[in-house]
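Student: The primary structure of each chain is shown beneath.
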Amino acid sequence: MQNLLLGFSKVFNPVTILWIALGEVLGIILGALPGLTATMGIALMLPISFQLSTPTGMGLLLGVYCGAVSGASIPAILLGIPGNPNAIATVYDGHAMTKKGLAGQALGGAVVASFIGGICSLVLLMLFSPLIARVTLAFGPAEKASLALLGLTIIASVSTKNLAKGILTGLLGLALSLFGTDPFTNSLRIPFPSLLARTPLTSGIKLIPALIGLFGISQALYDLEKIKMGYAAPPQLKIEKIFPPIKKIIRMWRIIVESVGIGSIIGAIPGTGASIAVFLSYERAKRITSSRKSKLDRVGTGCLEGVIAPEVANNSVTGGALIPALSLGIPGDSSTAVLLGALLVKGVVPGYQLFTQDISLVYSIFFALFLANFFMFSFQLAGVRIFPKVLNIPLTILIPVILILSLIGSYAIEGQAVLAATFDMGVALFLGILGYFLKKADYPIAPIVLGLILGGMLEENFRRAVKIANGNYLVFFTKPIATVFIVLSIISVMVSLLKSGKEK
Amino acid sequence: MSVKKIIPLFFILISISYIVFSLSIEQRRMIGDIGGWDPGSRAMPLGIGILMLLTSAYLFFKESLLSTSKSTKLDKSQRNLIIFVIIISLIYILIFRYIGFIIATNIYLYSLAFFNYKKEIKWRFIPDYLTGLLSITIFGLIIYSVSRYTIRFLFLMGKKNSIEVFTGRLLPAFISIAIAYLLIFLVNLLAKKLIKYPDRKIILSSTIFAIIVTQTLYIIFKQIFWVNLVSGIVFW
Chain G
1 MQNLLLGFSK VFNPVTILWI ALGEVLGIIL GALPGLTATM GIALMLPISF QLSTPTGMGL
61 LLGVYCGAVS GASIPAILLG IPGNPNAIAT VYDGHAMTKK GLAGQALGGA VVASFIGGIC
121 SLVLLMLFSP LIARVTLAFG PAEKASLALL GLTIIASVST KNLAKGILTG LLGLALSLFG
181 TDPFTNSLRI PFPSLLARTP LTSGIKLIPA LIGLFGISQA LYDLEKIKMG YAAPPQLKIE
241 KIFPPIKKII RMWRIIVESV GIGSIIGAIP GTGASIAVFL SYERAKRITS SRKSKLDRVG
301 TGCLEGVIAP EVANNSVTGG ALIPALSLGI PGDSSTAVLL GALLVKGVVP GYQLFTQDIS
361 LVYSIFFALF LANFFMFSFQ LAGVRIFPKV LNIPLTILIP VILILSLIGS YAIEGQAVLA
421 ATFDMGVALF LGILGYFLKK ADYPIAPIVL GLILGGMLEE NFRRAVKIAN GNYLVFFTKP
481 IATVFIVLSI ISVMVSLLKS GKEK
Chain E
1 MSVKKIIPLF FILISISYIV FSLSIEQRRM IGDIGGWDPG SRAMPLGIGI LMLLTSAYLF
61 FKESLLSTSK STKLDKSQRN LIIFVIIISL IYILIFRYIG FIIATNIYLY SLAFFNYKKE
121 IKWRFIPDYL TGLLSITIFG LIIYSVSRYT IRFLFLMGKK NSIEVFTGRL LPAFISIAIA
181 YLLIFLVNLL AKKLIKYPDR KIILSSTIFA IIVTQTLYII FKQIFWVNLV SGIVFW
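Read top to bottom, the protein sequences are chains G and E. Counting in this note's numbering, the first sequence tops out at residue 504, every number present. Counting in this note's numbering, the second sequence tops out at residue 236, every number present.
So here's chain G without its partners, still in its complex pose:
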């Protein structure tokens, strides 16, 4: 009870509330701008969160996360262009409703659905993350190493149609994570040590500049290609009757329950992300409404049901994706990978220890997520006529803002050591350029991030496990949990191979 109150006080104070509200507004704006992802928004806010206390910083990032996921529905409904992949399925019925003159109800419905999804997934997060975290008590080095391997293989197989590309970028992330010093002997592990021994490379590639480069700079370069076209201007619409009829929402209970389930489960599977969840929930809603008994409008004809299903699902992903991140240290999607990075940089190690030794912080994260959802609901409803105006921001000034925020953000992490800070800017730029070319060649970025996060965990536990087993490399197959993880890794790879084989 004392920890619960402590967690409450860490969030419900003027400073944290203000930062969460600010994050929410920023998130909605970012989400509303087509092409700018929630991950990029969180990555850009990392340096600011770094300067704040852990609960306040996490509150800011969660605000951006919820805001961006929900804000993506604005261009999806008004323009027929999803703000980011979270709103891909909202386009179909949402934009059709706009064409029918029901834009207000579609936008309002999306906000209500986002709130329901966000709150339900928060409840699931509160219920399941402590239970899963308790399981980690049984994990030794062999289990931890195979868990890291499982996280990597799942994200490599799900994040792209081409498994080899996913594996290659995952390996690149691992390779980058090993620069610096050996975790056990402290001996240098950098190229040309006689030349570079006194450079910041000895501390390795830092996570935050890497994240900012991969998600911020690469996105800015990618958007430069669209600078001639810009965004389509939002239509001049009268946005009326924002709040959807409650009776209708209640009639949609089955769609809502199923979408919450789909979103939370898909979100909790590493690497899957919202785009899969929204399509699955949309398809389920289609099936439910196809029966006359349901007394609902048929999804696909431009109705509220087709907006509610994907919007409940994509916001359910937010809580779902945090379950493995907080309990196992394996992020559910690229956005939670960045959130996890923010925790790790602050010295917070996810898992059972977090739930026992720093439970007030866990509670504060739950409260912050609740507040982020509450602000998302209130701000989006209050600003339903204002936020669409964000689409008038030209890329011409948006791109320089993203670039400078990325560079100065990377610098600010080592803000007092100028040389190391400048080096971090270089890392962000290099990885940003690399990320841009990888995106152009259809290589996924998320496995690089996961490789960077899990590299240390994988190496340390792999070496420790082999050493404890007196040099026996087959130790991973002698432990049941580790064996299960390895088998699951193999299955994820096989499923991906079979799927790509079928598509051919």
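FYI, nobody ran anything at the bench for these hints, they're computed from the structure. Do not rely on the hints blindly, as some may be mistaken.
Stated by the list, open to error - Some but not every residue of chain G turned toward chain E, in silico, with C-beta under 8 Å:
{"id": "1", "residue": "Met1"}
{"id": "2", "residue": "Leu403"}
{"id": "3", "residue": "Ala412"}
C-beta: ideal position from N, C-alpha, C; glycine also.
Starting from the structure of chain G, add chain E where the hints point.
Tutor: Positioned in the frame of chain G, the structure of chain E alone reads:
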């Protein structure tokens, strides 16, 4: 050669370099490992390097020899703009420590905004660009100085009269940024009336944009979060 074919080649080179680097790592085992069972500091990098080489070789074979898909090519102006942004970002990082945050960031943002407004890079834009460069440097320094002296003045006043809020971080930051915005707004208003040519308006818009963003970042990171944004040649 398309990006899709270059990337695997790039990865092959990276993998070979990584393997060479792994082999150069001194093979040390963890303390207390009398039996020599720890795989050592070289094992993981070497294993990853080999796996990367195998995967990239497979992708190179697949993308270069078997694939017939062609990636969409950018037009010349888009390509030049991207190259320009990459080069100017690199220059920004290299000169940042020497000329300082204020001048470097103002110039960087002005350059990005100017050519983004133009949507292409052409030699004939250079005279206008250079004119703007001069104005951003001077105007940027004026705004910075006003802002800096406002904070200093408030701090000294706060200390002398024991007004705590003036010696803190937030209020002086807000006051100084408000004064800076007001000045920028007035200059923008005046300049808009004086400038008639559309080309010059681009210079003005880029300058105003760059100064607003630079000054805001300066106040947030330097004044509120106390990040050491280097002064460089701006010694005051």
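Student: Against each hint, give a clear statement of whether it holds in the structure.
Tutor: Hint check results:
Among the interface hints, the one on Met1 of chain G is violated; its C-beta lies about 34 Å from the nearest C-beta in chain E, farther than the 8 Å criterion. Hint status for Leu403 of chain G relative to chain E: holds, with the closest Cβ pair at about 7 Å, below 8 Å. Against a cut-off of 8 Å between C-beta atoms, the interface hint on Ala412 of chain G holds, since the closest Cβ of chain E lies about 5 Å away.
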